[in-house]
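Engineer: On the provided structure of chain G, position chain D as indicated by the hints.
There are 2 protein chains.
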Amino acid sequence: MEVIRKISLMQKKMEDLRRKGKKIGFVPTMGYLHDGHLKLVREAKRFSDVVVVSIFVNPIQFAKGEDYESYPRDEKRDLEMLKKEKVNFVFIPDVKEMYKEDFKTYVEVMEFQDELCGKFRPGHFRGVATVVAKLFNIVKPHIAFFGLKDYQQYVILKKMVEDLNFDIKIKPVETVRDKDGVALSSRNTYLSEDERKLATLIPRSLILAKDMILGGEEDAEKIKNAAKDFLKSQGITNIDYFEIADPDTLHPIKKIDRNRKNCLIAVAVRIGKARLIDNIVIRNGKIFNLPKIKEEKEKKNKKDLN
Amino acid sequence: MEVIRKISLMQKKMEDLRRKGKKIGFVPTMGYLHDGHLKLVREAKRFSDVVVVSIFVNPIQFAKGEDYESYPRDEKRDLEMLKKEKVNFVFIPDVKEMYKEDFKTYVEVMEFQDELCGKFRPGHFRGVATVVAKLFNIVKPHIAFFGLKDYQQYVILKKMVEDLNFDIKIKPVETVRDKDGVALSSRNTYLSEDERKLATLIPRSLILAKDMILGGEEDAEKIKNAAKDFLKSQGITNIDYFEIADPDTLHPIKKIDRNRKNCLIAVAVRIGKARLIDNIVIRNGKIFNLPKIKEEKEKKNKKDLN
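Quick note, the sequences are listed as chains G and D, same order. Last residue of the first sequence: 295 in our numbering, with the numbers rising by one and none dropped. Last residue of the second sequence: 295 in our numbering, with the numbers rising by one and none dropped.
The shape of chain G in the complex, shown without the other chains:
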């Protein structure tokens, strides 16, 4: 496994590999890796000859007052994990080389960037689109992998690739969850033990909404209110949004289609220092990112039996 920190060296290495006909698979990350990232890496290994992982906490996707400085970092641990996965290249650029003092070019995916999280994180998706465009030009992958936990990010980047004609295939990978149903996130490290228990309400609220939809409820407002009431009554009071949206345009929908039921159910809440997001997608009768929750009671029962 080779660790590269210089942009020009990365470009040279990748160009050489492309010339040799190697298929490059790319997994961009902000580090502090968990099993969600490793699932992306394993998917990349399946679909490519050479796997590149980048680790870069991208300052321009954090708004002022957000957690750029405190975002968890542990390069040594990350590298050990990636070595075990037999990753070929890890790209860890320097923030000063990525954003020189007079940096002033941005990529924006209009409309999509203003929905959902875009309403609460000004400039976030502009920062994401810009850094991924940069990384694509540096890593020159044939295929890139993104987790569906960040569903809006996935839709925006797929749109950017299509609109700007990047000759790169975007592969979505389903959310990885802990046993309690909570989606893996580097930001879960911010949670105290009690807060972590609260976080389990997030996937439960999604399931509640999903069950209402599958049960035939078509009124999005009703579903959203039920989910928000559930979250609040159980102790999550700081809800950025609980939204039901078109999975392609990300625009809120009022009435769920009776037959296809296509929709994105997305939630963002704040618990202590952490802003946590999660989602379920229903598309053509298939359900993506569905949480499977091992009930605490079951565990207790099992313990009692042993």
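The hints are simulated quantities; they were obtained by calculation from the structure and are not laboratory data. Treat the hints with care, as some may be off.
For identical chains, the list gives no copy identity; a pair is met inside one copy or between any two copies.
[To be verified] Pairs of lysine-lysine residues, derived as DSSO-like cross-links and limited to a Cα-Cα distance of at most 27 Å, are as follows:
1) K160 x K93
2) K160 x K85
3) K34 x K160
4) K93 x K244
5) K11 x K158
6) K11 x K1
Just so we're clear, the structure is a prediction, and the values are computed from it rather than from any experiment.
Structural biologist: Relative to the frame of chain G, chain D by itself:
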């Protein structure tokens, strides 16, 4: 010479050439070619194995009310000219494939895009940066050539390439002028015979400013006023701007550096239906885009002698 109209076919061909180790030189144009374009093509031939010219009148760089519909087009003539130059590929994409109905991704080079022409053509440079980013991803060149007549465009695209880490070298090529000093432009075709005579004032106003600067005048305001007075007194009344700016940041300068005299002298005027731009750049004692004007009087004298 191969003419390609499909984006995916272009990407495939270019990828194959890159794999074979061929160096791709790219000249993006809006067609209706003149000797300025051909100079770019000849430079491209000098520096690359394979020369690609694109012809595409880019709708998103025209503001409402501008000349997108009436912009001159003559594909047959363009192709004949490029064939004579032994160009390898001509890429002529379809506007509906370049901009699908739900297109919504834009590249912006902040600040630079708001100076000079940016003040008078809202969205113009966003449209330019976006289409060039697209073309770069489609044509995949190693090196791309841009005329210095569009100096602001050149600075913006060089900045875009640097900021977004496109692995592409940008080569500027000096303005080509007619014998009367007027910079070649596809838009010169809009001019009547009388208007064409007026257009010769444009390079003359630049020379006037340049001479004042080389003569030691440091007050930009004085120089700009002198040039504008000259233009107006001679019959060009519709001046978008006559500006003296920093050649790197494009920001107006008030006092010209006594020693280096580095500056961009840039002008934009409207004559009849045409909006015409021109410039001279002084950088480290060198002068770029300097008009050489064959005086009409000289011509007359020569004619008298024959």
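Engineer: Next, verify each hint and record whether it holds.
Structural biologist: To see whether the hints hold, each was checked on the structure:
1. K160 x K93: Between copies only: 21 Å across chains, 29 Å inside a chain, cut-off 27 Å.
2. K160 x K85: between (30 Å within a copy, 26 Å between copies)
3. K34 x K160: Cα proximity of K34 and K160: one copy only (12 Å, versus 38 Å across).
4. K93 x K244: between (41 Å within a copy, 25 Å between copies)
5. K11 x K158: Answer is both; intra-copy 15 Å and inter-copy 24 Å each pass.
6. K11 x K1: Both, since 14 Å and 15 Å are each at most 27 Å.
Hint compliance for this structure: every hint is met.
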